[in-house]
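Colleague: If you want the building blocks of each chain, they are given just below.
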Amino acid sequence: MPRMPRLAIYALAAVIIAIFPLVAPNPFFVHVGQTFAYTAIAVIGLNILLGLSGQMSLGHGGFYAVGAYASAILATTYGWPLTLSMGVAMAACLLAGFLVGAVALRTRGLYLAMATLAFGFIVEIVAQRWVSVTGGTMGLMGVPQIDFGNFRMGPTYFFWFAAGLLLLVQVGSDYVFGSSIGRRLNAVKESESFAATVGLNVPLWRIGVFAASAALAGLAGVLFAHQSGFVSSDAFNIRLTISLLIATVIGGLGRSAGPLLGTAILIGIAEAIAAVHDIGLMLYGGILLVVLLLFPEGAIGLFGRRRGKSAAAPDAVPAFQPAIAGAANTGVRLDVEGVTKSYAGVVALRDATLSVEPGTIHALIGPNGAGKSTFINVVAGLYAPTSGRIRIGGVDVTDLPANRRARLGLVRTFQNLQLIQSVNVLENVMLGMERRHGLAADVLAFLGGSRHEARERAEAASILAFLGIGELAEMKPRDLSYGHRKLVELARAIAQKPAILLLDEPVAGVNPQEAREVARIVAKLRDAGISVLLVEHNMEFVMGLADRVTVLDFGNRIACGTPAEVQRDPNVIRAYLGAVEDAA
Amino acid sequence: MTLLNFFQLLVSGIAMGAIYTLTAKGLFITHLATHRLNFGQGDFLMVGAFASIGMLTAGVPAPLAVLGVLVLMGGLGYLLERFAIRPLDRLGDRAGAYSWVLTTAGAALILQNIVELGFGKSAQYAPPLFSKTRDNVINILGVGIFFEEAAIIITAFVVVGAFYWFLFGSRWGKAVYAVAFNPEAASLFGIDVRGVVVLVFVLAALMAGISGVLVGPLVSVHPHMGLIFTIKALAVAAVGGFTNPVGILLGGLLFGIAEAFSNYWDSAFGDLYPLLFVMALLAVRPSGLFGERRADVR
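As they're listed, the protein sequences go chains A and B.
Residues in the first sequence are numbered from 1 upward in steps of one, following this note's numbering.
Residues in the second sequence are numbered from 1001 upward in steps of one, following this note's numbering.
Hints may be right or wrong, so weigh each one.
[What the hints assert, rightly or not] If the Cβ cut is set under 10 Å, some of the chain A residues that face chain B in the computed set are:
(1) Met-56
(2) Val-100
(3) Ala-113
(4) Ile-122
(5) Trp-130
(6) Val-133
(7) Arg-239
(8) Ile-246
(9) Gly-280
(10) Gly-285
(11) Leu-289
(12) Gln-421
[Unchecked claim] Now the in silico label distances, taken between C-beta atoms and shown as ranges:
(13) B:Arg-1082 <-> A:Gly-154: 37 to 47 Å
(14) B:Leu-1289 <-> A:Ala-270: 39 to 49 Å
(15) B:Arg-1194 <-> A:Gly-268: 37 to 47 Å
(16) A:Ala-564 <-> B:Gly-1173: 49 to 59 Å
(17) A:Gly-345 <-> B:Arg-1086: 38 to 48 Å
None of these hints come from the bench; they were simulated from the model.
Yeah, the Cβ is synthetic: ideal placement off N, Cα and C, and Gly gets one too.
Given only the sequences and the hints, what does the whole structure look like? Please build it.
Modeller: Written out as structure tokens, the structure is:
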């Protein structure tokens, strides 16, 4: 199915924006159009925040107010030119977004909901009581309007300005939803450990999207202030935030076109409610409940579910050749030196030392509770060791967080699978990839149409084919069998172009035939020069594949050598067979 | 500030702090068991306050009025769980991760509107609960304090004590902790998980209702007062780390006392400083003053 290039759709939108005020039957329509345009900008920001990054804000009315007051006060009281006051106002919102976002940075969503609720409240109170600056409920009068010096044509110009900005913001939102940025935000939302594993700086992404969303709310506020020329604290109570949230959920959370529809419905509701003012709150509350409980996909969900990108199936899937990043095929070594990890006095790992030689497979085995998972989490950077050093290719990475280690080529899979449920298998694999070209080039490719990310898709498809699961590309992870999900994780890890691969029980729960397939693949990866650290219980798998084996028991290393040496080692035999309770 | 002032502010602060603690306990217990809570907790408090004013001014004897409020609030808590929380479970993945924030907030808007229609938008004072007149002062060690405040503090502490007994001393408390730890495992042990979830929401509503009854004589009551109490109860629960019930008690008292003094010091913006302080604290110590931080590793 040939798709209209996005650029054509946007050009059409621009034409509609251009002629709307000229054909509007009366000024009221233009005024509603203006309100629609700037409100939609705030709702788009909220939709990206809630729908994509999964963070809740109950304080966007506060950012809207900060934008409105900052620009209005600077332009009115201090006589700044509008361009400057608007820019500074948005910067102020960005800063406020960073500060509020920082409160919830290291905690779960509840704290963010709380902090934003408090922020909105504080802004409202300050606006009300700091009368000498904000004018309080009496308001700030004579705020300059955006009319480009032409009073009669002012409303038309303002509409063009606000709707033009809306179009730009919508293009940005479409790009975010349709590109690697959206996938990554989904990853950050669903699993922080996964996101860090594919090299994302989770706190930075979370706070960044929050601040950007705050800035968009601020832009809406700025436009509001310069629309009517009057700003009063009555406009910024909690109901403003609730209205923006209603528009977001009613349009359809997590869909790029949702905010436009939601804002239109919100404005319709607001006009209708004016007649039954007494029960306005009840209607708002009822709408929130009904939409969230009965139509969680929102209005846009009524137009059918989201299509996956009509994946413009790559013309031919090239055969995948594993290769390590960087020119020299020499491989990278991993050294773990004397690592100890204790949790509140319980020693899970004592003075563990292990080296993975470049381009070899090193297996780590041991009975349950031996400390293997702790070991792999310490190496990957999800746990900080109590003492000891970790080096990648001789470089000390002990103090680097997981995402920085991932960027150095240290890639892992998880024992408890971490796949992103909201995107398909192919896109899960693509999460492992770097963006091929710069942001500007990617945006241009996106605007151009269906070839966007074509090479990434082809490469991801070839990796899936390499693992023998090419036909699963369009499925969602939850629809796959356990064994297939393990293979998808492996595919995602391969897409990251690892220099060192940490495999955490890659064949646990996988049938014997699939296990042989995994063994064949891991051997190929090693032959391509990738160093592999393997944690696994399946002895047939380990002994047939590993070049060296280290055995842990109760946090201590009890043996290290070739598979044959380890199998003869009396300590190992005692650990595995000596005690009845270790029979597993 | 005279010493006398100091003690009077301290007592007023403890009285409000005890009420914040009670309200926050409701947030704590639902968050413990379900990882969700009522973003309209303050509005439930408001409903409790109005219900009590309505009955007291209609001449219902105080004990009967309190009982009536408790029955009403228990019913509201049940309805909230039944219609704003439980349906989200049926939606599964289709419901956003924090939909409960918005459904409970939506329910709060409906309550505000109903109270507005019934009592009007203007502020009201509740008649005193424990004494005949509002300004009944008793003398303790040479310091005159309002009898009403002292009685409210004592009542609040009795309720907090009952809450602790429930949580740590009763079978139901153990069931709540079991559900908090792992709902599936709890159901395998024969615990009625759904029943526990309903129970914690009813309890949370009761705590809000009692707070509402107690706060009526202390502050002016109006249909939109709930938001402030929701925010402050959340702040208090966050200072306690949402996991530590003793931390919430201390956090609530500290918050109330800090607020009393900062209001005295700056009558214009004094009520904002404790909130700002809590937000700054959370940025530095996300687990609150008394909570433990657990790593997120699966």
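Colleague: Compare the structure with each hint and give your call.
Modeller: Against the structure, the hints come out as follows:
1. Residue-level restraint check for Met-56 (chain A) holds (minimum Cβ-Cβ distance to chain B is 4 Å; threshold 10 Å).
2. This hint holds: Val-100 (chain A) has a C-beta 8 Å from the nearest C-beta of chain B, less than the 10 Å allowed.
3. Hint status for Ala-113 (chain A) relative to chain B: holds, with the closest Cβ pair at about 5 Å, below 10 Å.
4. Below 10 Å, beta-carbon pairs count as interface contacts, and Ile-122 (chain A) has one with chain B at about 6 Å; its hint therefore holds.
5. This hint holds: Trp-130 (chain A) has a C-beta 8 Å from the nearest C-beta of chain B, less than the 10 Å allowed.
6. Hint on Val-133 (chain A) is violated. Least Cβ distance to chain B is approximately 13 Å, over the 10 Å limit.
7. The interface hint given for Arg-239 (chain A) is met, as the beta carbon of that residue sits about 9 Å from the closest beta carbon of chain B, less than 10 Å.
8. The beta carbon of Ile-246 (chain A) comes within 9 Å of a beta carbon in chain B, closer than 10 Å, and the hint placing it at the interface holds.
9. A hinted interface residue such as Gly-280 (chain A) counts as satisfied when its beta carbon comes closer than 10 Å to some beta carbon of chain B; here the least separation is about 8 Å, so the hint holds.
10. For Gly-285 (chain A), the interface hint holds, the least distance from its beta-carbon to any beta-carbon of chain B being 3 Å, beneath 10 Å.
11. Residue-level restraint check for Leu-289 (chain A) holds (minimum Cβ-Cβ distance to chain B is 5 Å; threshold 10 Å).
12. Hint status for Gln-421 (chain A) relative to chain B: holds, with the closest Cβ pair at about 7 Å, below 10 Å.
13. Evaluation of the 37 to 47 Å hint for Arg-1082 (chain B) and Gly-154 (chain A) yields a failure: the beta carbon distance comes to about 52 Å.
14. Distance hint check: the CB atoms of Leu-1289 (chain B) and Ala-270 (chain A) are about 42 Å apart, consistent with the given range 39 to 49 Å.
15. For Arg-1194 (chain B) and Gly-268 (chain A), the hinted distance range of 37 to 47 Å is satisfied, since their beta carbons lie about 39 Å from each other.
16. The supplied range of 49 to 59 Å is met by Ala-564 (chain A) and Gly-1173 (chain B), whose beta-carbon atoms lie about 57 Å from each other.
17. Restraint check, Gly-345 (chain A) to Arg-1086 (chain B): a C-beta distance of roughly 41 Å satisfies the suggested window 38 to 48 Å.
In the structure shown, a violation is registered for the earlier hints numbered 6 and 13, in ascending order.
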